[in-house]
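Protein chains in written order, with my numbering: chain A, 333 to 641; chain B, 128 to 434.
Among the clues, some could well be false.
[What the hints assert, rightly or not] Beyond 10 Å from chain B on every Cβ pair, some chain A residues (computed):
no.	residue
1	Ile-386
2	Phe-403
3	Gly-462
4	Gly-463
5	Asp-474
6	Ala-530
7	Thr-571
8	Arg-626
[To be verified] Rough simulated footprint, nothing fancy, chain B against chain A, three-plus residues with beta-carbon under 8 Å:
no.	region
9	496-504
10	598-606
[Said to hold, decoys possible] Derived Cβ-Cβ restraints for the label pairs, each shown as a range:
no.	chain 1	residue 1	chain 2	residue 2	range
11	B	Leu-356	A	Leu-372	27 to 35 Å
12	A	Phe-450	B	Leu-190	25 to 33 Å
13	A	Phe-596	B	Arg-299	43 to 51 Å
14	B	Ser-423	A	Arg-598	39 to 47 Å
15	A	Phe-450	B	Gly-288	43 to 51 Å
16	B	Gln-178	A	Gly-495	32 to 40 Å
17	A	Trp-360	B	Pro-141	37 to 45 Å
18	A	Arg-598	B	Glu-213	28 to 36 Å
Hints were generated in silico from the structure; no laboratory data involved.
Note that the Cβ used here is the ideal one computed from N, Cα and C, for glycine as well.
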Amino acid sequence: MRLSTPALGSSKLRAPARPRAVVSRSTWSLALERFAYNRLALAGLALLGVLILIAVFANFLAPYNPIKRDFSITMAAPSNLHLMGTDPLGRDEFSRVLYGGRLSLYVGLASVILAMAFGVPMGLLSGYFGGWVDGTLMRLVDLILAFPGIIFAIWLVAMLGPGVNQVILANALFNMPGFARIIRGSVLTMKESDYVLAARGLGAGDLRILTSHILPNVLAPIVVLASLTVSDAILTAATLSFLGLGAQPPTPEWGALLSDGRPFLRNAWWLTVFPGIMLTLTVLASNIVGDGLRDALDPRKVLKRSPAG
Amino acid sequence: MLTYIVRRLLISIPLVLVLVFVVFILLRTLVPGDPALILGGETASVERLAQIRQEQGLDKPLLVQFGIFLGHVVQGNLGRSSITNEPVTERLWVALPVTLALTTSTFIYIMILGLTIGVVTAYWQDTWLDNVVRVLSVLSASMPTFWLGLMLMLLFAVTLGWFPVIGDLSPRGLFLPTITLGTGSAAGLGRLVRANMLDVLGSDYVRAARAKGVRESRVVLSHALRNTLIPVVTIAGFTIGGLLGGAVVTESIFGLGGLGTLAIIAIGTRDYAVIQGDVLFICVVYLMVNLIADVSYAFVDPRVRLQ
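Put together the whole structure using the sequences plus the hints.
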């Protein structure tokens, strides 16, 4: 919070300006300001934005149909006609990479949203009610964390059968504990605060206290964790697809594209280089944005520069 | 110390039991169809199916079945592969050394590279060297393991021919898989060491050491680094655990026949007995590694023991 000082220096005589009240600003507007001054984070956001736009408008940007085979031009090296070359079935790699982003980003976002849908209520209930609710839910969290994440995902998908939805589910399940834990921790400190006591004194019920008083105040760690989890989820999804457990042919997905290109490493490098670059850029961008959000939303960070002063 | 180890061991026992139960129940509930057929495979003979039903007590209630399964697991009997008919444990024993060799070499690589990066970037803080290393480490943390593996293979094995395309257990054969698996973690460790090192280098006892004329290399490597190592020990344990997961992918890229490759091949052939045994085995190893990490952490930092 900043104290704003009334403008001085005017030569005219007038009654001393009454000091204005402390300008109260929400965490979010302060965070936005901090984020806006973080050049690296802005660059990451711009890159992520471009990648999302490419994925969303893939149907307009892609020069060819990503699953249409053309056996007259198989395994062609990158050229003006095919920017990223063609695959062994004569499909345009550039179009496939553009479309591939759709699935990778979708899986990343969907996994995180689902993980939050499970994890946030778990953390809220666990922290707020304590006792056996807390005990039970946290043992469940411990159990999930006792498995190595990727092995757990592979095992689950092996049981459920390969597919994008199974990958999302597996991803969500093993990212859920992170949300549950971090929210539980915040709620534990939050529920003892005066404003919760005040709300209770005014007759607010548990549900109301949880949803309209506690939840808005634990949003910051949720946002940070979510943004950092997206990149993890994208990576895991790509890994599972690479192992043949995610997106199934002929659907283009970056992990699957890399897996398809792998046998042709010796004679068609473009099939493994380009999808990997896109994947790395996406993960890099969301990591940078996540780091930026963490710095921006951390209340301990002092605002280094402010536009007013 | 001993009580801490015993207590920590006792906590792990129920965890292992629950783990075995989860693995057991998931296979029974998530995979549709006759459990005997699932374990025996599509091509199993009628006699083999009857044998599986009898061995696993498939006509008995689910809880009894779990008891039988648990008994088998404790005795080291994880069933037979539905494809090769070998005992699953035999295949695990063949695969284990490969995974161990890979994770060990990677662990050494991570420690050496991570500590070097951390110390160098902290000592020459905010110089071009620091910035270059930091950019590289962010980049390598964002790079998917399997892609890094493919790119290393493309450059060093396919194009330059310095290393074999298919890995083996020789130092040359393990080189690319080790770098693939370890670089991301090494970068992470480097960041951690850098942050801790910066704290320590600014502390009073380092200033005191310098003031009394201790050689600079000794100040950094002996006085400062030693106190940076405490958080490293914790991270190290979890790193090994994480490596077990990452090894699955790395092994499959370089054709190393470890536990990961075994699982992937088994999934491809729907060899559920092998998948089940493999996952169980990896998870138990993972738990054990975490246990050792916790204990060694308590060994380094006495405060942990007293909690």
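Okay, the hints, checked on the actual structure:
No beta-carbon of chain B is positioned within 10 Å of the beta-carbon of A:Ile-386; the least distance is around 18 Å. Once the 10 Å rule is applied to beta carbons, A:Phe-403 is consistent with being away from chain B; the minimum gap is 26 Å. Look at A:Gly-462: its CB is around 20 Å from the nearest CB on chain B, clear of 10 Å, so calling it non-interface holds up. A:Gly-463, annotated as away from the interface, keeps every beta carbon of chain B farther than 10 Å; the closest lies near 20 Å.
Listed as outside the interface, A:Asp-474 is inconsistent with that label: its C-beta sits roughly 8 Å from the nearest C-beta of chain B, within the 10 Å cut-off. The beta carbon of A:Ala-530 is kept farther than 10 Å from every beta carbon of chain B, the shortest such distance being approximately 35 Å. Its beta-carbon lying about 6 Å from the closest one in chain B, A:Thr-571 breaks the requirement of being farther than 10 Å from that chain. Interface exclusion of A:Arg-626 from chain B stands, the closest Cβ pair being 14 Å apart, more than 10 Å.
By the rule of at least three residues with a Cβ nearer than 8 Å to a Cβ of chain B, the coverage given for the region 496-504 of chain A is violated, with 0 such residues. Interface restraint, the region 598-606 of chain A with chain B: holds (4 residues with C-beta to C-beta distance below 8 Å; minimum three). For the pair B:Leu-356 and A:Leu-372, the beta carbons lie near 30 Å from each other, so the given range of 27 to 35 Å is met. In this structure, A:Phe-450 and B:Leu-190 meet the distance hint of 25 to 33 Å, their C-beta atoms being roughly 28 Å apart.
For A:Phe-596 paired with B:Arg-299, a C-beta distance near 24 Å fails the hint of 43 to 51 Å. Between B:Ser-423 and A:Arg-598 the beta carbons are some 44 Å apart, a value that agrees with the proposed interval 39 to 47 Å. Separation of A:Phe-450 from B:Gly-288 is about 49 Å and conforms to the stated range, judged on CB atoms against 43 to 51 Å. Between B:Gln-178 and A:Gly-495 the beta carbons are some 33 Å apart, a value that agrees with the proposed interval 32 to 40 Å.
Checking the proposed 37 to 45 Å range against A:Trp-360 and B:Pro-141 shows it holds: the Cβ atoms sit about 43 Å from each other. Checked against the hint of 28 to 36 Å, the C-beta distance between A:Arg-598 and B:Glu-213 comes to roughly 33 Å, which is consistent with it.
Hints 5, 7, 9 and 13, counting from the list given before, are not met by this structure.
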